[in-house]
Amino acid sequence: MDAAGSRHYPDKPAKVYLFGTCLIDMFCPEAGMSAVHLLEREGIEVLFPADQTCCGQPAHSSGFPEQARAVARAQLGLFPEPWPVIVPSGSCAGTMRHHYPEMFADDPQLQAKASALAERVFELSEFLVHVARVSLADRGAPARVALHTSCAARREMGTHEHGRALLAQLGAVEVVLHEHESECCGFGGTFSLKHPAISSAMAGDKVDALKETGAETFLSADCGCMLSLNHTLQKQRDGFQGQHLATFLWQRTSGEGGQQ
Amino acid sequence: MNTQPLDFVPASEFKQRASGAVADAHLRKSFRGAMDFLINKRAAQFPDPVALESQRALAEHIRKYSLARLPELLEQLERKLTDNGVKVHWAENAEEACAIIVGIAQRHSTKLMVKGKSMVSEEVELNHAMAAAGIDALESDMGEYIVQLDGEKPSHIIMPAIHKTKQQIARLFADKVPGARYTESVDELIGIGRAVLREKFMSAEIGLSGVNFAVAETGTLCLVENEGNGRMCTTVPEVHIAITGIEKVVEKLEHVPPLFGLLTRSATGQAITTYFNMISGPRKPGEKDGPGEMHLVLVDNGRTQAYGDEQLRSTLQCIRCGACMNHCPVYTRIGGHAYGTTYPGPIGEIISPHMLGLNATHVLPTASSLCGACGEVCPVRIPIPELLVRLREEAQHDARPGHAPLRGQGAAKSRLVDAVWSGWAALYTRPAFYRAFGWLATRFRALTPPMQGGWTVSRTPMKPAARTLHELMAERTKR
Amino acid sequence: MSARDNILRRLRAAPQGKAPLVPDVPAFYAAVSAATPPSTRAARIELFCEKMAFWHGEVVRVTAANWPHKLREICTAKGVRSLLYGEPSAHAEALKSAGIAGLKSYDRPLAEWKKELFEDTDAGLTSTRGGIAETGTLIVWPDASEPRLMSLVPPIHFALLDADQLYDTLFDAMQAQRWSDGMPTNALLVSGPSKTADIQVTLAYGAHGPKELVVLLLVNEEEVQ
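Which chain is which? The protein sequence lines are A, B and C, in order.
No gaps in the numbering here: position 130 of the first sequence is 130 in this note's numbering, and each next residue is one more.
No gaps in the numbering here: position 64 of the second sequence is 64 in this note's numbering, and each next residue is one more.
No gaps in the numbering here: position 20 of the third sequence is 20 in this note's numbering, and each next residue is one more.
Chain A with its partners taken away, still in its complex shape (with noise of 0.2 angstroms):
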């Protein structure tokens, strides 16, 4: 696990890699957007291999290991120059990163080839902070900020302390805690689809405690537990929505209003 401090970061590269995921491609590709124009904003290239699909997380966690490495092991030789592998999620860094060298410890040419990609994998925001040390400008207007970071995020990519830290740079935006904050929001994947009575209560909870802040939004670095709450949120038909953090930085910095 990549405790606080203990990764090795490398200096700005001029190119990187966008592993866009699954869920943001399908249901929220304006998060992949932002995370785009935050990386040129800071000159870097973005390059999206075409033919990315998804890092198999889904079917590594709900036991089917083998359908898991045949999908991870079709992203392995999508980025063959040295440049760093952005995802602009904290779980799916999180398998590229903790779980691709372990799927493939039988075969050793494949674990090479997965470690070696595991070690340039990178959350957004920990590459933001801590490779391309952004300073950011804030252009918008004052706004009290609640942030859900996801599990995995949180334990496997240290996610929180830097989207907080990138939060902090914000200076209209003022960043509330929330009620067992490190707690998990219930999506969980496939566990929201099979064991909805739990999840469903586990999300219940989640909005209760973030609306009571007070907040006016909150933020997730993950696309999965956001969709999970925003949909929980309009079945309550509440009008409280959660954002990805990539898009609400890329508003807030580029006066730009929202809309892609």
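The set of hints was computed from the structure by calculation and includes no laboratory data.
Hints may contain errors.
Derived EDC-like pairs (lysine to aspartate or glutamate); straight-line CA-CA distance at most 20 angstroms [said to hold, decoys possible]:
no., chain 1, residue 1, chain 2, residue 2
1, C, Lys114, B, Glu287
2, B, Lys111, B, Glu72
3, B, Lys29, A, Asp208
4, B, Lys284, C, Asp143
Since chain A is already given, all that's left is putting chains B and C on it; use the hints.
Structure of chains B and C alone, referenced to chain A:
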């Protein structure tokens, strides 16, 4: 009120019970409050994360080392205990364990056995076996006494009656304890329990206890407790029977302090418990109290199955602190009874399949969002989320080549689910098809089904965006 | 094949990767204590008293000369009508000459006076083998003259602890007293009176054992506050 001992409710009805539990506002509130209390107490014990990690690393090392030498250590323990005058028994399963204990009790014409806290005795359902033999088995830990009096099972391994309010306990005592008046004073309620149980300690022929650590080099059984009922059970009756899983052995006495220190801090946020009771044998000639006869029952009950696989073996590192359940968002929502197993929560999800088989338990490893809170707090660093994933795999597939099948291997196999994941893999390994699928899904997003299984129970349906990121990025390249 | 054979056979048949190294527990504790300032007798006494108070135990600083007198005062104040002690023991003579009312010796096997012990004994006095400052803990090793139940059944437990025998940690005590050379039939660590939080996580004392624990801490004249 239910006066019969509850049978183990099958784990297969887990979902139904879980749904009932999350709808129970009182239960939700009491578990949330209790778990928050325990979480905060634990956190206060570990102010320095670096120091905590070094303690966890040592504890994990000791447990792994002990397990690696398990057969030798068990033999050494048996030898030492035998030298100390303790009779050692081995039981492959629950039935054998109960038969051994019932046999000892019958030899002593036992009418009453008082029990200290022992999860293994719950696991083998000893109370049923004793009742069938016409022998009273009375729980003496206050929490266990309360749930037994109400015909229930513990809902937490450290705090058995955590699901009950003091009002419920007040009513229970007033109804069931002769001479007890209704009182909501916790001190008075404990006083009632104390008075009843002191009588029982005096009259019981046998005391039964669990074991927290068994030390091979000295033949010492260590018991951790706050109340003193464990000391009563192991000292006052003429016969003491200890029952434990085979994994509890450590080689040396010096291995105990690091484990003990983490156990109490992780469990209840206490630096130490009131009593740490180290028993190395029955009373010697000249000693005026303590049991004249002592037994240890070593129970397998599926543990050797976990031991047989190098990854699953780490399940046996567990020292039963309960921190994984205290920190589990699922356990916090549904409480211990919903699991239908002796050990609830994350540890229960990974150990119950070995004890009861995957046929009965395959749903349990799926009852986790894999948030990782359990693994993060585990004092002996059991990688619980990884083991949950592994058991999901074993439940849905034949055994890996070169691995012995687990009990109930493949119990959740489904052609439909296999086909879904194979189809998923086929799509996600063919980029052109994947892009075409994305193109279609976005163009026909208006046709997204309004009901999406479990997802739409409390959420609006997922709907694809107008364009995929792939398309947006491809357009940029063209421009 | 017996159950024993089957279990051991299954364990031995399991694959074993690289054997883990022997855990170096002494090195761990040495590193911990190297990182903290060396402990002094005064600091150990302070810490022990603080922790024992946290566990709801009372600590009374006494000297070798005045402890029987102090004990008599406390017994009177607490209304103790019968005090159980053990013989032969280092403190028995001093105790007997202090003029404490209701002294009785644990001089028979339990079976001969179980009811009296449980129902008609207010307090018990035991010696200790030492204490642990870090956790506020007494080390009690019952034996033939001071049996196990003396520290459990009477509602008040008095314990004599010599400040010379205070250790920093459980590990230190274990090593210094060479416990692994041979353990008694029963050895105890006691940190406060019996307690439970089993009803709504509300702490209550005197669950099954003593409701009160009073430590008579033997210190030098100048250490008495």
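Against the structure, the hints:
1. C:Lys114 / B:Glu287: 15 angstroms, holds
2. B:Lys111 / B:Glu72: Not satisfied, since the Cα-Cα distance of roughly 37 angstroms exceeds 20 angstroms.
3. B:Lys29 / A:Asp208: The hint holds at about 14 angstroms.
4. B:Lys284 / C:Asp143: Cα-Cα ~9 angstroms, so holds.
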